[in-house]
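Asker: Below, each chain spelled out in residue letters.
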Amino acid sequence: DTGVSQNPRHKITKRGQNVTFRCDPISEHNRLYWYRQTLGQGPEFLTYFQNEAQLEKSRLLSDRFSAERPKGSFSTLEIQRTEQGDSAMYLCASSPRGGAWSTYEQYFGPGTRLTVT
Amino acid sequence: KQEVTQIPAALSVPEGENLVLNCSFTDSAIYNLQWFRQDPGKGLTSLLLIQSSQREQTSGRLNASLDKSSGRSTLYIAASQPGDSATYLCAALNSGYSTLTFGKGTMLLVSP
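Just so you know, the sequences run in chain order A and B.
Under my numbering, the first residue of the first sequence carries the number 1, and numbering increases by one thereafter.
Under my numbering, the first residue of the second sequence carries the number 1001, and numbering increases by one thereafter.
Think of the hints as simulated: they come from the structure by calculation, not from any bench.
Certain hints may be false.
In the DSSO-like style, the derived pairs of lysine-lysine whose C-alpha atoms are separated by at most 30 Å in a straight line are [what the hints assert, rightly or not]:
1. A:57 - A:71
2. A:57 - A:14
3. B:1042 - A:11
4. B:1001 - B:1104
5. A:71 - B:1042
6. B:1104 - A:14
7. B:1042 - A:57
8. B:1104 - A:11
9. B:1042 - A:14
10. B:1001 - A:57
11. B:1104 - A:57
12. B:1001 - B:1068
13. A:71 - A:11
14. B:1068 - A:57
15. B:1104 - B:1042
16. B:1001 - B:1042
17. B:1104 - B:1068
18. A:11 - A:57
Covered by chain B, per the in silico footprint, the following chain A stretches (three or more residues, Cβ under 8 Å) [unchecked claim]:
19. 34 to 48
20. 104 to 115
All figures in this text were calculated on a predicted structure; none of them were measured in a lab.
Yeah, the Cβ is synthetic: ideal placement off N, Cα and C, and Gly gets one too.
With these hints in hand, go ahead and build the complete structure from the sequences.
Answerer: Okay, here's the thing in structure tokens:
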């Protein structure tokens, strides 16, 4: 399977605990994105990496959130001191290297559903 | 700040009908527009991508159009089937190639 993969698929945690999610992009894609989706809403952009560099962060990404992509391959998203408002689906996407003819099409993974109790 | 609106929020049709889903965006400086399908509790599946220089794209029973100047896109589904039941999302990619801004989606139910 050469699609975007995310682990775990589901995570239930208690308020105040830390959680970490992993995203493995399509192997030849150098761009990686994180989005958050709450019930009844469209996904909202959180952050974007080109290779290992984090180039853009949304104001939604509070200081309790941190994302890394240490070797320009997989990425992790950590949420510290989780709150009930963090309950959502966290989606990862990747896209190929940019260029004059690139469509920058984003391919999404299955998501990690977080429930904070 | 880009805002994307989708109308209607929900749509219920009998099998076989042709239907149109609407998407509007406030900032016409987009690089492309993507239409996605999302089944309950699942990730997003890309259906069609229209570059800003294009007017439409077709895939099977799906046809998407883009009018950048008016800030509108439509997704046309021909001969709808129960398997088409899902939420359809449109998203505009900013000119910096980084951020997709999504609408809230149209929830489609096709009954046999």
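Asker: It remains to establish, for every hint, whether it holds in the given structure.
Answerer: Status of each hint after checking the structure:
This hinted pair checks out: residue 57 (chain A) and residue 71 (chain A) have alpha carbons roughly 19 Å apart, not beyond 30 Å. Between the alpha carbons of residue 57 (chain A) and residue 14 (chain A) the distance comes to roughly 26 Å, so the proposed pair stays at or under 30 Å and holds. For the hint linking residue 1042 (chain B) to residue 11 (chain A), the alpha-carbon distance of about 15 Å falls within 30 Å, and the restraint holds. For the hint linking residue 1001 (chain B) to residue 1104 (chain B), the alpha-carbon distance of about 16 Å falls within 30 Å, and the restraint holds.
Annotation: proposed proximity of residue 71 (chain A) to residue 1042 (chain B) holds, straight-line Cα distance about 28 Å (limit 30 Å). As the CA atoms of residue 1104 (chain B) and residue 14 (chain A) are separated by approximately 28 Å, the hinted pair is consistent with the 30 Å bound. Only pairs whose Cα atoms come within 30 Å are accepted, and residue 1042 (chain B) paired with residue 57 (chain A) is accepted, the gap being roughly 24 Å. Taking the CA atoms of residue 1104 (chain B) and residue 11 (chain A), the gap is about 24 Å. The hint holds against a cut of 30 Å.
For the suggested pair residue 1042 (chain B) and residue 14 (chain A), the alpha carbons sit about 23 Å apart, so the restraint of at most 30 Å is met. For the hint linking residue 1001 (chain B) to residue 57 (chain A), the alpha-carbon distance of about 15 Å falls within 30 Å, and the restraint holds. Simply put, residue 1104 (chain B) and residue 57 (chain A) have alpha-carbon atoms about 21 Å apart, close enough for the 30 Å limit, and the pair holds. Annotation: proposed proximity of residue 1001 (chain B) to residue 1068 (chain B) holds, straight-line Cα distance about 16 Å (limit 30 Å).
Between residue 71 (chain A) and residue 11 (chain A) the CA atoms are separated by roughly 25 Å; this keeps the pair inside 30 Å, and the hint holds. The straight-line distance between the Cα atoms of residue 1068 (chain B) and residue 57 (chain A) is roughly 27 Å, inside the 30 Å bound, and the hint therefore holds. Restraint check for residue 1104 (chain B) and residue 1042 (chain B): the C-alpha separation of about 15 Å stays at or below 30 Å, so the hint holds. Taken as a hint, the residue 1001 (chain B) and residue 1042 (chain B) pair is honoured in the structure, with Cα atoms around 28 Å apart against an allowance of 30 Å.
Distance check on the hinted pair: residue 1104 (chain B) and residue 1068 (chain B) sit about 20 Å apart at the alpha-carbon level, within 30 Å; holds. Annotation: proposed proximity of residue 11 (chain A) to residue 57 (chain A) holds, straight-line Cα distance about 24 Å (limit 30 Å). Residue count for the segment 34 to 48 of chain A with a Cβ under 8 Å from a Cβ of chain B: 8. That meets the three needed, and the coverage hint holds. Under a criterion of three residues with beta carbons nearer than 8 Å to beta carbons of chain B, the stated coverage of the segment 104 to 115 of chain A is upheld, 9 such residues being counted.
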